[in-house]
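Chemist: Here is what each chain is made of, one letter per residue.
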Amino acid sequence: MTTGSTLEAVGRPLDRVDGAAKVTGSGRYAAEFTPPGTAYAALVGARTASGRIIGINTGAAEDADGVLAVLTHRNLPKVAAPPHLLPSLAGHAAPGESFFPMQDEVVHYFGEPVAMVIADSYERAQFAARQVHVDYARDASVTTLDEGRDQAYEPEAIFAGFLPARSVRGDIKAGFAAAAQRLDATYHFAANHHHPIEPSATTAVWDGDRLTLYDATQGIVASQRTVAALLGIPPSKVRVRASFVGGGFGCKAMIWPHVTLAAMAARWVRRPVKLALTREQMATSCGHREEQEQRIELGATDDGRLTALRHHKLSLTSPFDEWAEPSLSIAAQAYACPHYEGVYRLIRGNTMTPTFTRGPGETTGMFALECTMDELAHRIGVDPVQLRLRNHAHADPNTGHPWSSDGAQECYQRGAARFDWQSRNPEPRSERDGNWLIGKGMATAGYPVFFPMQPQRARARLYADGSAVVQAGTQEFGTGAATAMTQVAADGLGVPLHQVRFEYGDTDLPNVAATVGSAGAGMISAAVHTAVTALRDQLIAQAVLDPASPLHGVDPAAVVVSQGRMELRDDSGTGETYRQLMERHFMTDMDALGSWSPPAPDVPYGLATFGAQFAEVAVDQDLGLVRVRRMVGVFAPGRVLNAKTARSQAMGGMLWGIGQALLEGAVTDTRDGRWANAGLGEYLLPVNADAPDVAIEFVEVPDPVVNPLGVKGLGEVGMVGAAAAIANAVFHATGYRARELPIRIEHLL
Amino acid sequence: MRAISYTRATDVPGAVAAVTNDPGSSFLAGGTTEVDLLRLDVLRPNRLVDINRLPLADIEDRADGGLVIGALARMSEVAQAPGVVERYPMLSQSLLLGASAQLRHMASMGGNLMQRVRCSYYRDPESACNKRVPGSGCSALEGVHRGHAILGTSEHCIATHPSDMAVALVALDAVVQVEGVKGTRTIPVDDFFLLPDDTPEREHPLTPGELITAIEVPPLPMARRSLYLKVRDRESYEFALASAAVALALEDGVIRGVRLALGGVATKPWRAHRAEETLLGQPADEDMFARAAAAELAPAVTRPMNAFKAELARRTVVRALRTAVALRGET
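Protein sequence lines correspond, in order, to chains A and B. First residue of the first sequence: 0, per numbering that gives the first Met the number 0; consecutive thereafter. First residue of the second sequence: 0, per numbering that gives the first Met the number 0; consecutive thereafter.
For reference, chain B alone in the conformation it holds in the complex:
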């Protein structure tokens, strides 16, 4: 591990200024991924600016039925917050199905959005990786890639975005609040995650020193009976091979509203726009679910070890939709 200097920030403008003025520095929140990557020599900041004492940990119920979640609220707190459990079960479930109990107590919401990919070539500083060293190549393309993405990939990067929580946030049209030296701005969460294209090193639209301060979750009545389905080899403490966040609004068996996002299969938390378009106004039946799943996965690009993920994702979507219908008592 490199020698690193450490500063503890006491207010948001000070934290933002500290990182903006020192290009080699990084924010430190829960550190559950960042410290690993420091030890692995993947991240090489010369200074860490600890933001854990900033007043950004509140979870606020808004009068309109939405939520504002502070960037430093811990995953475990948000998962249990009554407003989240009642109004956005998919978000609560996605948090509880992520990581381990110990990590959820440490990891922050803002940090979760900023977590890095789990590609074993990204995490090995001597392997070629365009995300770590732009232009060095992608070792995963011809390497071990069972867990890698099949949607949103490019010839430069096929690393899967690992977050569960962000999948729910994408389905919920959450908005990320950020603060920089030039002031504050908001970024719709779907725009917060960039596709790799030919710049896989660029994962977010943040400028250096911009800090996530909060996540807004707009009101969404149908999310009260939503769910997050996560499929993985073992029962806990593993990233998704495929996952789906679903909310449905039904009227007489017809889909009047749908939110669907996929995890574990794409280079960013994947809003399933094609599937949503397929489903809107259609009967909530198995045939439609299968057609929607097929439409979403149609552009999938698979490789030998992850070819199964296209079928797995389709089935995950169908199961999640079927379960969502059952949740509404309108089977």
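Isolated chain A (complex conformation):
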């Protein structure tokens, strides 16, 4: 924890520092950089899920007005080395799939780029792209679980090899033998697409052998390393910039082929090239949450204490990678269940490699577990909140290590109070409002604390006039990081907020890993805090050594900083401002680099953020309608850096839970593997009219383990459990147990 500074700015509900630029349109996104001479690239996607290109006629496209080049597997340069999937939190090249298109004539999935047209305007490029005629020899394909069930297998590991496919603790058979109650439920989850408001886009500009990319990315460093590796050029030659990014939800967490294709196109035509994906291409260009099925078998005593948990998942992956979102992770840790077995099974299908999708794994895994827990509570007549409290794990059940911080019990209790849970009649179908049946449900939220794999860095500079610039090579895609880091810097340096400017979105700045896995706030604040406190300590040290300073000879540890002034903690009259010190020494500025090393992977603590979700729904069972009336979420994310952006983040997650529970389902036309609802008119996301009153509270638990400010992260936990709370409320309203997401009208008729 910090010493020498007081937290005055951190935690306050400061307005977004980038808010005005966003709402006035002055903030520029990747597709809004148009250097002189910019050309436009459009991708042509494959029209089959599996097969070979046997003919490709580019003549009409090449002859179209304004076309500069048409690239296909016949003329596109080969990548320097085949990509290998690696999660971007690792800080290295992070291709989203172990595949790069247009290297040969084989087609693996619908929408895979088979040609790229470059023209002098966006419209001309799009028009010419439609004039590329491709003939395929089509092969049989697998694009749904049902088509591939007979090919299911258990891999060694999933998730780029980081997670074993099978994990066991205790003796699962003994656990079930000891159970008085057994439940067995299978849940089906439709595939999901991310659909941030800003479709992915890259503008590539070469200057000799140096490349600048303006990229819509959650990881500028990941973009830099991936493109450098695929082009076979040093990363030092690639600069990636991203000042504004319009949401990510995971689809910009890994680096997909279009980014490198933009660079290849720009090199080919020797002009800057802008490549913006269309909304429909977003469904086939940057991963998705895979279609999956999860089976939960639960054993419990008659008073609801878990004795055994078996959690199996079957999901569809690509031909290239053994990827499954880690649905079993937090669900294995949420409760003190001694006997556990988790298994991932895969089907290789004709899709691109699935990827991180808001609450990747945790949302689906906790949906399955929490609906089954609700079923257990109902069966044995125990209140659902009490059942969770009874089973809460006071230490990480996988390792026995204590949690670095917990707070779950307070989340349940505060949530229940805020929601007025105790007034709920446990009997299903017991409350009515006109045509609406009213139901109330709850669920546990949880999300692991992930660390990056290498030191995270930031730089701080203080000018003699008292203003400061703090820099980190990260990006702001709506999370509020730029605002929160301004607060962290102001407090660490002891200067007023308005004196601090936080700069980011440029790989020329000190290196920070991609903002994924809810790790952003923790690791960026750690780097920034380390940099600003290093600078502060430098200045204090200089004052202490300076015979002309009122602080000469004092113990540096006794000095605190506030409002640009260094002073004795116990005698605030003794001190001087940074400005006085610096002007006396003819200094214009001073700076420091901060490097924060994350805890070792084997840190002896359980690491997770917990929370509790409550939802009230109204169900018109005649018409099959479900409308969420109110939600309460209470989370224990460690320290909250900005009360307003944190609330927005949690609320966004909870509203995504409405999408997961009731609306979002990507549907495949199995004949050609095409997503049949790739547009926003057809892929249904919650709209404002669906958004109910959402109440959010935070339980701020001190966490001395995870990072200097004790920030566990809040990016995704807000969504985890939200859909389960809604589904449990639907059960309470109607008696209908959802086994399939999204819950649709046809399920309830």
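I should point out that these hints are in silico values taken from the structure, not numbers from a laboratory. This one's a predicted model, so the numbers in the text were calculated from it and none came from an experiment. Be aware that a few hints might be false.
Stated by the list, open to error - One side only, chain A facing chain B, incomplete, derived with CB under 10 angstroms:
| hint | residue |
| --- | --- |
| 1 | Glu279 |
| 2 | Arg294 |
| 3 | Ala675 |
| 4 | Asn676 |
| 5 | Pro685 |
| 6 | Asp689 |
| 7 | Pro741 |
| 8 | Glu745 |
What the hints assert, rightly or not - Non-contacting residues of chain A with respect to chain B, defined by C-beta distances greater than 12 angstroms in every case (computed):
| hint | residue |
| --- | --- |
| 9 | Val78 |
| 10 | Ala159 |
| 11 | Val627 |
Said to hold, decoys possible - Listed next, the stretches of chain B that the computed footprint assigns to chain A, with coverage defined by at least 3 CB atoms under 8 angstroms from CB atoms of chain A:
| hint | segment |
| --- | --- |
| 12 | 0-12 |
| 13 | 117-124 |
| 14 | 209-223 |
Each residue gets a CB set at the ideal place from its N, CA and C atoms; glycine is no exception.
Keeping the supplied structure of chain A fixed, place chain B upon it in accordance with the hints.
Modeler: Relative to the frame of chain A, chain B by itself:
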């Protein structure tokens, strides 16, 4: 997007002549569907004739209690017009439940009648679609068709007509005024929408260059307490899975007049003649409502993904009728 030339029309005869004389051209009104379809390469005009400045935006209360709504009146204006709100609440509601606030400010009434289907195969220029490319086949029959029609379908097309407003207009026996180079004519709105049969590419009886100039809504006292019920997955900004426009005239609990039309389930805005016949002269009770709904849906042809829509439509009809009775205070 193709290169397109653009002309702005200044008077109706000029607009009509411009499109009539250039078979590759189209009118452009609000553009809320048309521009999407241009970008998707589904519509391929070589010229757009912008009619937005034509003097066709008035909403006129007629002395007989009816309305004449200019073809270029915007959905949002019509929804709020006092004559519509008081005399035809079903029309106002159908407009407000359509699209989004932004789209309603752009979209015109005439354009709404001309809007194209939302079938994802129609909107994908490389999928087989008889409506887009006659004779190419219907991809929806064996494809993804949860939102598709169950009434008025053919083996050539099962695309649902997407309009909400047109459902109310069909219930109200509205009349479409059109102007062509040979003069003006009127078309009852129920005849304005054609069933797909074996020519799904032909959606309207308009000849090329004929322009919708106005929509007449005849007086209908019972419509003062009418309603439009729309059922969909989310609360806004989605097309109907089933909808019903209803007006009832009751005397001592007996149905003396009824207007009923369905949306979201048919290939055209669907006037529920069978249900109306079933209900006329009968008591306004749940049993009759269920029988009427069953009669209307009896010819439904469903497929695996949209099978639920028959039951949903029946329940929507019953709910709408029950609500209409309650509106009259004669429960």
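Chemist: Decide, hint by hint, whether the structure agrees.
Modeler: Hints versus structure:
1. Interface hint status for glutamate 279 of chain A: upheld, as the beta-carbon distance to the closest one in chain B is roughly 8 angstroms, under 10 angstroms.
2. Look at arginine 294 of chain A: its Cβ only gets to about 25 angstroms from chain B, farther than 10 angstroms, so that hint breaks.
3. Contact between alanine 675 of chain A and chain B, as hinted, is supported at the beta carbon level, the nearest pair being about 4 angstroms apart and thus within 10 angstroms.
4. The interface hint given for asparagine 676 of chain A holds, since its Cβ lies 7 angstroms from the closest Cβ of chain B, which is under the 10 angstroms cut-off.
5. A cut of 10 angstroms between beta carbons decides the hint on proline 685 of chain A: the least distance to chain B is about 7 angstroms, and the hint holds.
6. At its closest, the beta carbon of aspartate 689 of chain A sits 5 angstroms from a beta carbon of chain B; the interface hint therefore holds under the 10 angstroms criterion.
7. Because the smallest distance between the Cβ of proline 741 of chain A and any Cβ of chain B comes to about 8 angstroms, under 10 angstroms, the interface hint for this residue holds.
8. Checking glutamate 745 of chain A against chain B by beta carbon gives a least distance of about 4 angstroms; that is within 10 angstroms, so the hint holds.
9. Remark: the non-interface label on valine 78 of chain A is consistent with the geometry, its nearest Cβ contact in chain B lying 28 angstroms away (cut-off 12 angstroms).
10. No beta-carbon of chain B comes within 12 angstroms of the beta-carbon of alanine 159 of chain A; the shortest separation is about 32 angstroms.
11. Not every C-beta of chain B lies more than 12 angstroms from that of valine 627 of chain A, the closest at about 10 angstroms, which undercuts listing it as non-interface.
12. Coverage of a stretch by a chain is defined here by at least three residues with a beta carbon nearer than 8 angstroms to that chain's beta carbons; for the segment 0-12 of chain B and chain A the count is 3, and the condition holds.
13. With a threshold of 8 angstroms between beta carbons, the proposed coverage of the segment 117-124 of chain B by chain A holds, since 5 of its residues qualify and at least three are required.
14. A stretch counts as covered by a chain when three or more of its residues have a beta carbon under 8 angstroms from one of that chain; for the segment 209-223 of chain B and chain A the count is 0, and the coverage is violated.
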